[in-house]
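Novice: Letter by letter, the chains look like this.
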Amino acid sequence: MSVTTPASRTAAETGLIGRAEATHAGGERQREAIELLRAEGLPSRRVEAWHYTDLRALLGRRPEAGSDAGTPATYLTPFLPNSVIVDLGSAPAGNDPAAGVEVLPIEDSLDWRERVNHLDRAFDTLRVVNAALGARGSAISIADGATVEQPIELRAQPDASGGQGFSSVTLGERSRAVIVERQPASSAGALSSAVHQLDLGSGSDVLWIVVQEKGAVETHLGQLNVTLRDDAKFRLFVLNAGGAIIRQEVHAQTVGEGADIQIRGVNLLQAGQHIDVTTTLNHNVAHTTSTEIFRNVVLGGSGVFQGMIRVAKGAQKTDARLACNTLLLSDEGDFSAKPELEIFADDVQCGHGATAGEINADHLFYLMSRGIPEPLARALLVKAFVGEVVEELEYEPAIEALEARIDAWLAAAH
Amino acid sequence: MLEIKNLHARVADTEIEILRGLDLTVQDGEIAAIMGPNGSGKSTLSYIIAGREDYEVTAGDILYNGESILEMDAAERAASGVFLAFQYPLEIPGVATMTFLKTALNSQRKARGEGELTTPDFLRRVKASAADLKIDMAMLKRPLNVGFSGGEKKRAEILQMALLEPKLCVLDETDSGLDIDALKIVADGVNALRSSERSFLVITHYQRLLDYIVPDTVHVLYKGRIIRTGTKDLALQLENEGYAQIIGEAA
Chain A
1 MSVTTPASRT AAETGLIGRA EATHAGGERQ REAIELLRAE GLPSRRVEAW
51 HYTDLRALLG RRPEAGSDAG TPATYLTPFL PNSVIVDLGS APAGNDPAAG
101 VEVLPIEDSL DWRERVNHLD RAFDTLRVVN AALGARGSAI SIADGATVEQ
151 PIELRAQPDA SGGQGFSSVT LGERSRAVIV ERQPASSAGA LSSAVHQLDL
201 GSGSDVLWIV VQEKGAVETH LGQLNVTLRD DAKFRLFVLN AGGAIIRQEV
251 HAQTVGEGAD IQIRGVNLLQ AGQHIDVTTT LNHNVAHTTS TEIFRNVVLG
301 GSGVFQGMIR VAKGAQKTDA RLACNTLLLS DEGDFSAKPE LEIFADDVQC
351 GHGATAGEIN ADHLFYLMSR GIPEPLARAL LVKAFVGEVV EELEYEPAIE
401 ALEARIDAWL AAAH
Chain B
1 MLEIKNLHAR VADTEIEILR GLDLTVQDGE IAAIMGPNGS GKSTLSYIIA
51 GREDYEVTAG DILYNGESIL EMDAAERAAS GVFLAFQYPL EIPGVATMTF
101 LKTALNSQRK ARGEGELTTP DFLRRVKASA ADLKIDMAML KRPLNVGFSG
151 GEKKRAEILQ MALLEPKLCV LDETDSGLDI DALKIVADGV NALRSSERSF
201 LVITHYQRLL DYIVPDTVHV LYKGRIIRTG TKDLALQLEN EGYAQIIGEA
251 A
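Each protein sequence line maps, in turn, to chains A and B.
Heads up, the first sequence is in the working numbering, so the first residue is 1 and it goes up one at a time.
Heads up, the second sequence is in the working numbering, so the first residue is 1 and it goes up one at a time.
Keep in mind that the hints are not guaranteed to be accurate.
[To be verified] Derived lysine-lysine pairs resembling DSSO-like cross-links, with alpha carbons at most 27 Å apart:
no.: 1; chain 1: B; residue 1: K134; chain 2: B; residue 2: K184
no.: 2; chain 1: B; residue 1: K102; chain 2: A; residue 2: K383
no.: 3; chain 1: B; residue 1: K232; chain 2: B; residue 2: K42
no.: 4; chain 1: B; residue 1: K167; chain 2: B; residue 2: K184
no.: 5; chain 1: B; residue 1: K153; chain 2: A; residue 2: K383
no.: 6; chain 1: B; residue 1: K42; chain 2: B; residue 2: K102
no.: 7; chain 1: B; residue 1: K110; chain 2: B; residue 2: K42
no.: 8; chain 1: B; residue 1: K141; chain 2: A; residue 2: K383
no.: 9; chain 1: A; residue 1: K383; chain 2: B; residue 2: K110
Just so you know, these hints were derived from the structure itself, not from any lab.
Since the structure is predicted, the reported quantities are computational estimates derived from the model, not experimental observations.
Please build the complete structure, drawing on both the sequences and the hints.
Specialist: Next comes the structure, spelled out in structure tokens:
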């Protein structure tokens with residue numbers, strides 16, 4: 001590790017350490033994380049994993065947290081009807097909020113020494129920040145064979161800096177669940193973080209939905225870590241529809257044959273926003289599959305997509321595909337896409353593609369020639385562009401809820 | 001209905017002139033056929049009437065019911081009653097056909113100051129028109145034109161025309177890619193819409209379509225101008241002799 005003196009810290013780093021100190025209640029692990037941040041700071045652009053998202057510059061240009069801790073999460077209507085709410089880190093009234101589900105508070109967040117992104121530093125930046133800010137977490141276990149009928153909605157408890165949560169979710173063999181990770185707006189200047197770990201047992205099936213709707217001057221750093229065993233299915237949908245500085249990481253690994261990863265996401269960007277989605281899909285064993293599609297609508301701001309597919313030696317018959325498609329609706333916005341493949345097996349099918357373009361003029365003319373006014377025709381085409389990936393969810397409550405959020409965003413942005 | 005006067009047009013931002021002084025008048029209730037060899041400007045004419053922005057009108061005017069439409073965008077022209085049946089209808093993934101039809105219908109009604117259709121009323125109209133054109137309702141549950149065969153796309157165009165009830169219908173090579181049975185269905189659909197208050201501009205390469213949609217007038221378009229106007233017999237003459245003779249006479 002390099003030794004740096006505290007004097008060289010940027011305003012962003014000093015501010016972050018200040019926030020962390022303010023929440024510190026004496027915990028040893030949090031102290032350790034704060035000291036690591038003090039010693040190592042935030043990653044510079046020379047750290048490849050953070051090349052397009054320079055936290056040292058970005059965090060510095062944002063105002064500090066206000067005293068308002070925002071709307072307490074309990075007043076929020078659940079994203080999906082009939083959801084069970086889990087406030088991360090607090091003991092639920094009973095330990096069994098729904099049949100087959102057990103929730104317990106846990107002390108320690110995930111180990112930041114584990115390098116989940118090989119392009120990050122010797123420790124994991126996002127996990128350190130989460131621990132330094134005093135994240136509170138829960139262990140959620142879903143019993144073998146259980147099909148949880150009600151969706152489970154995870155919320156961080158709001159605090160002075162915005163809400164820091166973590167979880168360790170274990171799905172038993174052949175269990176099924178729908179989990180919503182809710183990242184609602186809190187207060188101007190807030191910095192929130194979330195680190196989740198999922199262990200998907202053999203034959204289990206989870207639909208995880210990240211709903212990020214932070215306010216216009218908020219920062220959110222999120223990380224999902226997923227391990228899939230034999231025939232497990234991980235379906236993820238990420239909606240980024242808010243926030244000033246957003247980093248959402250997804251790190252998945254297959255350790256059992258037949259595992260399948262399906263990631264879909266929509267990033268909606270307007271002026272003043274920086275949204276970064278960074279994913280690494282690690283196919284570690286033979287006969288596993290993954291498909292990842294992100295659709296981005298850019299009215300302004302900056303978007304980043306870094307998508308890595310890694311196929312380990314011996315992981316034959318891997319079938320992995322990713323795509324990142326961007327609709328640029330303004331000259332003011334930009335989007336950087338970096339798809340990567342790293343393949344150490346010789347009998348695999350992998351593909352990646354990134355596209356960027358404007359609204360198709362032929363499509364626009366066709367709709368207008370039927371009497372649909374231009375603004376409405378454009379809105380239909382934008383909705384169609386993102387709607388395609390939403391519809392792939394094949395779970396009606398989530399499709400409806402996501403479409404409503406996307407419609408609301410587009411209506412407000414136009 | 002339609003009066004085109006000395007129309008000159010080029011591809012926007014280029015010097016490529018496609019229409020070079022085109023004159024054409026279509027009366028109320030008239031079916032006018034436009035024929036012409038490849039590259040004569042037939043499709044360009046249809047796009048310019050519909051309001052496509054890829055072309056620039058450099059001289060002349062298009063009067064629709066006595067008023068110039070050049071300043072109107074495509075949606076405004078459609079709401080005022082202009083309809084273009086595309087030679088190649090676009091596939092638009094992600095836009096549901098029924099949503100599209102309803103949005104188009106209600107947008108036009110709104111522009112004309114009429115109330116929106118209720119969903120049952122809308123569905124009733126779609127079902128009636130679809131049945132006439134032998135269109136399976138299941139087809140309309142798909143995204144707009146996605147996965148439709150060539151014939152299905154053309155029938156879907158006529159369905160849109162029937163629902164929107166335009167006053168001026170421009171059919172751009174509606175016969176291309178149709179087998180004879182599909183051609184009859186499409187022609188029947190068009191003929192059912194004939195009325196003294198509705199005019200048609202039928203653009204085609206072949207006389208065959210005109211056996212089913214019988215025109216009142218036939219116009220030959222060549223190098224961006226109408227070089228000959230006649231009755232339906234002119235189409236038969238072209239079928240037998242080709243364009244060379246008439247082009248030679250006009251030169």
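Novice: Indicate, hint by hint, whether the structure satisfies it.
Specialist: Status of the hints after comparison with the structure:
1. Distance check on the hinted pair: B:K134 and B:K184 sit about 11 Å apart at the alpha-carbon level, within 27 Å; holds.
2. Distance restraint check for B:K102 and A:K383: the Cα-Cα separation of roughly 16 Å lies within the 27 Å cut-off, and the hinted pair is therefore satisfied.
3. Simply put, B:K232 and B:K42 have alpha-carbon atoms about 18 Å apart, close enough for the 27 Å limit, and the pair holds.
4. Distance restraint check for B:K167 and B:K184: the Cα-Cα separation of roughly 22 Å lies within the 27 Å cut-off, and the hinted pair is therefore satisfied.
5. Distance hint between B:K153 and A:K383 is fulfilled; the C-alpha atoms sit about 23 Å from each other, no more than 27 Å.
6. A C-alpha spacing of about 30 Å is found between B:K42 and B:K102, which places the hinted pair above 27 Å, so the restraint is violated.
7. As the CA atoms of B:K110 and B:K42 are separated by approximately 32 Å, the hinted pair breaks the 27 Å bound.
8. For the suggested pair B:K141 and A:K383, the alpha carbons sit about 17 Å apart, so the restraint of at most 27 Å is met.
9. Restraint check for A:K383 and B:K110: the C-alpha separation of about 22 Å stays at or below 27 Å, so the hint holds.
Violation of the numbered hints given earlier is confined to hints 6, 7; the remaining hints are satisfied by the structure.
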